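Those protein sequence lines, which keep their order, are chains C and Y.
For the first sequence, position 95 matches number 95 in UniProt numbering, and the numbering has no gaps at all.
For the second sequence, position 30 matches number 30 in UniProt numbering, and the numbering has no gaps at all.
Hints listed in this document are in silico derivations from the structure and should not be mistaken for laboratory results.
None of these values were measured; they are calculated from a predicted model.
Don't take every hint at face value.
Which copy is meant is left open, because identical chains are indistinguishable; a pair holds if it fits in one copy or across any two.
[Said to hold, decoys possible] In silico DSS-like pairs for lysine-lysine, Cα to Cα no more than 30 Å straight-line:
hint : residue 1 : residue 2
1    : K117      : K89
2    : K176      : K268
3    : K117      : K51
4    : K215      : K301
5    : K215      : K336
6    : K159      : K301
7    : K103      : K176
8    : K51       : K176
9    : K51       : K215
10   : K176      : K301
11   : K89       : K159
Number of protein chains: 2
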Amino acid sequence: MNRLLLDVLDGQQTERPPVWLMRQAGRILPQYRAVRAGLSSFKELVKNTDKAAEVTIQPVDELGVDAAIVFSDILVIPEAMGLDYELVKNTGPVFSRVIENEKDIDQMGEGDAAAEKIDYVYDVIQEINKRLENRVPLIGFCGAPWTLFCYMLEGHGSKTFSKARRFLYQHPEQSKRLLDKITSVTIAYLTRQIQSGVDVVQIFDSWAGVLGHEKYNEFGLTYIRRILEGLPEGTRSIVFSKGAYSSLDQLIDLPCTALSFDWMRTAKELTQKIGHKKVIQGNLDPCVLYGAPEVIEAETKQILSAFDRGHIMNLGHGVYPDTPLEGVRHFVNTVKSYRYDSI
Amino acid sequence: MNRLLLDVLDGQQTERPPVWLMRQAGRILPQYRAVRAGLSSFKELVKNTDKAAEVTIQPVDELGVDAAIVFSDILVIPEAMGLDYELVKNTGPVFSRVIENEKDIDQMGEGDAAAEKIDYVYDVIQEINKRLENRVPLIGFCGAPWTLFCYMLEGHGSKTFSKARRFLYQHPEQSKRLLDKITSVTIAYLTRQIQSGVDVVQIFDSWAGVLGHEKYNEFGLTYIRRILEGLPEGTRSIVFSKGAYSSLDQLIDLPCTALSFDWMRTAKELTQKIGHKKVIQGNLDPCVLYGAPEVIEAETKQILSAFDRGHIMNLGHGVYPDTPLEGVRHFVNTVKSYRYDSI
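Construct all of the structure, not just a fragment, from the sequences and the given hints.
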């Protein structure tokens, strides 16, 4: 197996950093669009063992990335807890109902009883591993409790998630009860993913950035920490708290293997602050991939040399759907032909 | 006149900080909703001298805030340059066409020739001052060039403004030419606002947070600096670069009077870094105002005591439209009854 990703996460020296892209299985690939065109919805694809496995492996075949990430959605957990949603074109997720009060929280499922409803994901993982034939490691993932809480209260995407935050200020104890439930499902869900065969898990806290420092520590990081502490011994984990700019010290203290960052912090700042305490993943601005080949190469190399070892190359955000495939390819190839100076 | 805001900006000692709210003239007030109901659109209100002056003064009468801010919109500049837009309910601004190439940039107006088309704002300012009778200072404002660039390229709001950023990577020199033009209009626009009677100007860079450190310095702060240097001697200015988390040192170096912040940085961090180099405005999470009176009071007082002198109390974002009026009132009154310890 190409063990680059695992070696870096295990603290081994490698000749170059591994590279993969968030949302690498998706609309940037014509092969993905062909599969998707034959199905009625994104959710149908997520639940189709054969097709979900197929699109997971496409970027490994087509781009030569150093890891596969399970094709799925962070909202499978709220759905398993009892809140149904649809993905609406040009809008994103829309829930058929939202959490409004204590009674709604009572009704939400929890723990393994909810996690076992997401059995289609475990099936997909097993199918991917059969077909992947140990070529590259497989990454599983979930949304962080705070981010799932946002969708469960708001019912759809939002720039500010002010309904979710209002509930937090008005009902802090009820909020914690819901976050507890989400956390219990998440621990069971990730544990089952690991048992089914993922090598690494990544926790996405996409909406960390709408909470201030103290609130994010209390309502965000508390639950991420609990998840990490609840996973099987030796689990390799990556935490991506997007926008948690004032909680870097607290992120460094989390019991995870790696931290993922967007492009708002420079490599210099990150390496100075983090040192060897965590592997660092990121952090090219995905818009660089719209640029000319020489721009892509220069910006990618700048990040590669600024981070040096203990680094997983990635974008600072999921690759944008309209990114030219040639730009993505040029990025991946630039990383793959890079070599660290010998020590 | 209640000179609290001016005194703090001029470096004078005051017994308490001044307080106002971004978007204080708006839907939180029943008086505003009554005026708005009689007109066909937000844009009609912006261009109606009588009504725009009326809603500007409403929060001074109703809430007792220490400043008025001209009721207007940041997109009056793109419109004056040649791009028309509509404000669509539940969607926000939608432009009838966008900048796509060099020729589109050629066609955009610039400098005073464009700024003079925004004469309705200067009329509104004069009318406000007639009616305000020097009770409180009047704040004028504009969008920063980068933020206006985002809308002019994207054509509407966006979480990522990836079209605008793509253009930046693909056409950096053309991007700078457009930013130059926007900057020239902005200097003329703010100068005319000052000549018409505003006491302070605030520059809103709402989308600073989508650019990385180096790109924001190059395509964002460069133009804000040029505006500040182009304003009449002695102009009091506030810069709000929302989300520019990795550019704090560069913000501190700007030739402005005050910096405004959202709630992602703690008062402790801001005061330590900024000291007395700039007046600091902010930074209560607007969702606090959804909370119970004791929550509003506690969170407001925490910020008041953490910042101490050289502080303008405000929210970290425009007040959310569905905020209960009683919550807003309780916030304002908490600040107004606060007193600094004597030295």
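Structure-based check of all given hints:
| no. | hint | in the structure |
| --- | --- | --- |
| 1 | K117 with K89 | within (26 Å within a copy, 39 Å between copies) |
| 2 | K176 with K268 | between (36 Å within a copy, 27 Å between copies) |
| 3 | K117 with K51 | within (19 Å within a copy, 57 Å between copies) |
| 4 | K215 with K301 | between (37 Å within a copy, 17 Å between copies) |
| 5 | K215 with K336 | between (40 Å within a copy, 26 Å between copies) |
| 6 | K159 with K301 | between (32 Å within a copy, 27 Å between copies) |
| 7 | K103 with K176 | within (14 Å within a copy, 55 Å between copies) |
| 8 | K51 with K176 | neither (37 Å within a copy, 45 Å between copies) |
| 9 | K51 with K215 | neither (40 Å within a copy, 40 Å between copies) |
| 10 | K176 with K301 | between (43 Å within a copy, 25 Å between copies) |
| 11 | K89 with K159 | both (18 Å within a copy, 16 Å between copies) |
Hints 8, 9 from the list above are not met by this structure, while the remaining hints are.
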